[in-house]
Amino acid sequence: MNIKKISWLTITYLVLVAFALVYLMPFIRSLVASFMTWEQASKYPPEWIPNPFTLDNYRKLFRLELFPRWILNTSLYAGIIVTGNVIFSSMAGYAFARLRFPGRDALFSALLSLLMIPMFVTLVPNYIIIYKLGLIDNILGLSLLGLTNVSSIFLMRQYFLSISNEIFEAARLDGCGPIKSFFYIALPLAKPALGAIAVYQFLGSWNAFIGPLIFLRSPENFTLPVGLTFAFHRSMWTEYTPIIAGSLVASAPTIILFIVLNKYLIRGIVVTGGKG
Amino acid sequence: MHFSFSSIYEKTKTKELIAGLALVSVAVLLNMVFGYFAMAFAFYLSFFKWDYIGSMKFVGLSNYKIVFEDIIRGIHGAPYLLSPFYTGLKNILIYTAIVVPIQTFLAIVLAAFANQKIKGQQFFKVSYFLPATTSSVIVALIFVWLFMRNGFINYILTHLIPGFQPIDWLNNRNYLLLAIAMVAIWGTSGHFMVSFLAAMQAIPKEIYEAAMLDGAGPIKRFFYITIPMLKPMITYVVVMGLIGALQMFDLAWVMAGANGGPGGAGYTVALDIYNEAFTRIRPGVAAAKSWVLFAIIFTTTYIFQRKYGRAVR
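Line by line, the protein sequences are chains A and B.
Quick note: to get our numbering, add 6 to the position in the first sequence (first position is 1).
Quick note: to get our numbering, add 220 to the position in the second sequence (first position is 1).
To be clear, the hints were calculated from the coordinates, so they are not data collected in a lab.
Please note that the accuracy of each hint is not assured.
Straight-line distance between alpha carbons at most 25 Å, and here's what the computed DSS-like set of lysine-lysine pairs gives [as the list claims (entries may be wrong)]:
{"#": "1", "chain 1": "B", "residue 1": "Lys440", "chain 2": "A", "residue 2": "Lys269"}
{"#": "2", "chain 1": "B", "residue 1": "Lys277", "chain 2": "A", "residue 2": "Lys11"}
{"#": "3", "chain 1": "B", "residue 1": "Lys233", "chain 2": "B", "residue 2": "Lys337"}
{"#": "4", "chain 1": "B", "residue 1": "Lys440", "chain 2": "B", "residue 2": "Lys339"}
{"#": "5", "chain 1": "B", "residue 1": "Lys277", "chain 2": "A", "residue 2": "Lys138"}
{"#": "6", "chain 1": "A", "residue 1": "Lys66", "chain 2": "A", "residue 2": "Lys49"}
{"#": "7", "chain 1": "A", "residue 1": "Lys11", "chain 2": "B", "residue 2": "Lys339"}
{"#": "8", "chain 1": "B", "residue 1": "Lys277", "chain 2": "B", "residue 2": "Lys339"}
{"#": "9", "chain 1": "A", "residue 1": "Lys269", "chain 2": "B", "residue 2": "Lys277"}
Computed footprint of chain B on chain A, listed as stretches where at least three residues anywhere in the stretch have a Cβ under 8 Å from a Cβ of chain B [said to hold, decoys possible]:
{"#": "10", "stretch": "17-26"}
{"#": "11", "stretch": "55-62"}
{"#": "12", "stretch": "70-82"}
{"#": "13", "stretch": "188-197"}
Backbone N, C-alpha and C define an ideal beta-carbon position, used for all residues, glycine too.
Isolated chain A, as found in the complex (with noise of 0.2 Å):
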């Protein structure tokens, strides 16, 4: 190995170590002050042990009736989402990708150019419809416009196509009709593109902002981002520390989903895109 190689290995380190810190730093100093009172978290110069050691500041969230609540109404908002994800999206993928009916190709098409529009455009008359149906401050009012999602069908549709179509071509010529192949067949194929829709909306779902603070209105049955810039912003801790506890309570799941999936969740975001 010679200098020049060694020299560029070094710079290459230091520049991925540094914005690694960059990027982990907030999670890090958080974790450590949400152990701190914040009479020791607000210090300048910043200290890192915490001194006192406390559990403060989770024991103040979870004795504040609501947060059990939020975590409750969020982990029912995801699963509803999660579910209705992968039940409609391959069904309908399957449906675009496998079976033949007049009109398939420009239901797809209009399906596919919804991913144009700025949520922005249709929040409002979402708002008229859902308060319509009477469904406001209603979790499953909120769910209903995410049961399906453009991107969720389009990836189960390339997926499907992606399968070889002769396995499908053998169960037609045993009999085998198209619902039932979707099952028996499709189905049981899918299964890592459904995992990956799952994660995927999951975390969307999770960490979902502006549907909740429109379509939710009494803090009871706020979701975790919701109610904790409801609980910041009336500022019902005179300290920080508390809103930094339950920062990281509600970005743990995420987390902790993602250390131990972030082989395939990568591959999953890459695909679909991602937030914007």
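Dock chain B against the given chain A, drawing on the hints supplied.
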């Protein structure tokens, strides 16, 4: 014999038609209602004066007139409360001009560094991507604390930059938007870095080997091979970045507040649409504003794609 075969054929064809329509029905129905119908309704709504309860009153183009008078007042230097749309527009254009180039550049450079035979590539990938898995609201809440006057960011900057004086980022109208932009760059550049890394790993190795035989160093290889080969991905990332930045809402909502913070320095068009619809209760004006925002996003991304992205849809 012949007859029965064609009847079976007809039967399977009808079966396929029914199955196909049944399987797509829910997805198509929901998207038609919450997508197309909502879009058309927004357009219809933009010609009406309404308060959600009473009857709708046709007002022609006067909602659009409100938007354009707002812009003109803003150009003539009206304070932000008199020209909220203009203020939001000005802010997101500045914000987009800061965020999109920096996040794209950072993402490419980091991907290029990570795309080598090095130990711990997985660790770097995960670290860079982590902010993208966290809700932008949660991220903003954490950064509000980090950006405090006695906060961590001022501490770091005073140590990195000689002579740096601590700034009250979120309460100073000159720095609020910059602080929001910094959080946005932190939150999304790692996500795009992973996209670039995937695209780089798809570039055939032979091209690099040939260039190395010709004596091209890593920097030359980066500019003459990597960048041109990444063009479709760069276009994609810039377009996604533009669409995201021009609709920025969450970060401003937390870091600046619904009113945009001191002097409206953190006000955005998205916040303005929200306020118009739900604070000022003027859904017609909100719809008009959202169509103007759509026009801006559409033209910006269209011009960019026309100029740089022939190969990409």
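Now the hints, each set against the structure:
1. B:Lys440 x A:Lys269: violated, 31 Å
2. B:Lys277 x A:Lys11: Judged against 25 Å, a Cα distance of about 73 Å means the pair is violated.
3. B:Lys233 x B:Lys337: Violated. B:Lys233 to B:Lys337 sits at ~54 Å, over the 25 Å cutoff.
4. B:Lys440 x B:Lys339: holds, 24 Å
5. B:Lys277 x A:Lys138: holds, 19 Å
6. A:Lys66 x A:Lys49: Given pair A:Lys66, A:Lys49 holds - Cα atoms ~21 Å apart, limit 25 Å.
7. A:Lys11 x B:Lys339: Judged against 25 Å, a Cα distance of about 15 Å means the pair holds.
8. B:Lys277 x B:Lys339: violated, 66 Å
9. A:Lys269 x B:Lys277: The hint is violated at about 54 Å.
10. 17-26: The restraint on the stretch 17-26 of chain A holds, since 6 of its residues have a Cβ under 8 Å from chain B and three suffice.
11. 55-62: Since 0 is below three, the answer is violated.
12. 70-82: Since 0 is below three, the answer is violated.
13. 188-197: violated (count 1)
In summary, the structure is inconsistent with hints 1, 2, 3, 8, 9, 11, 12 and 13 from the numbered list given earlier, while agreeing with the others.
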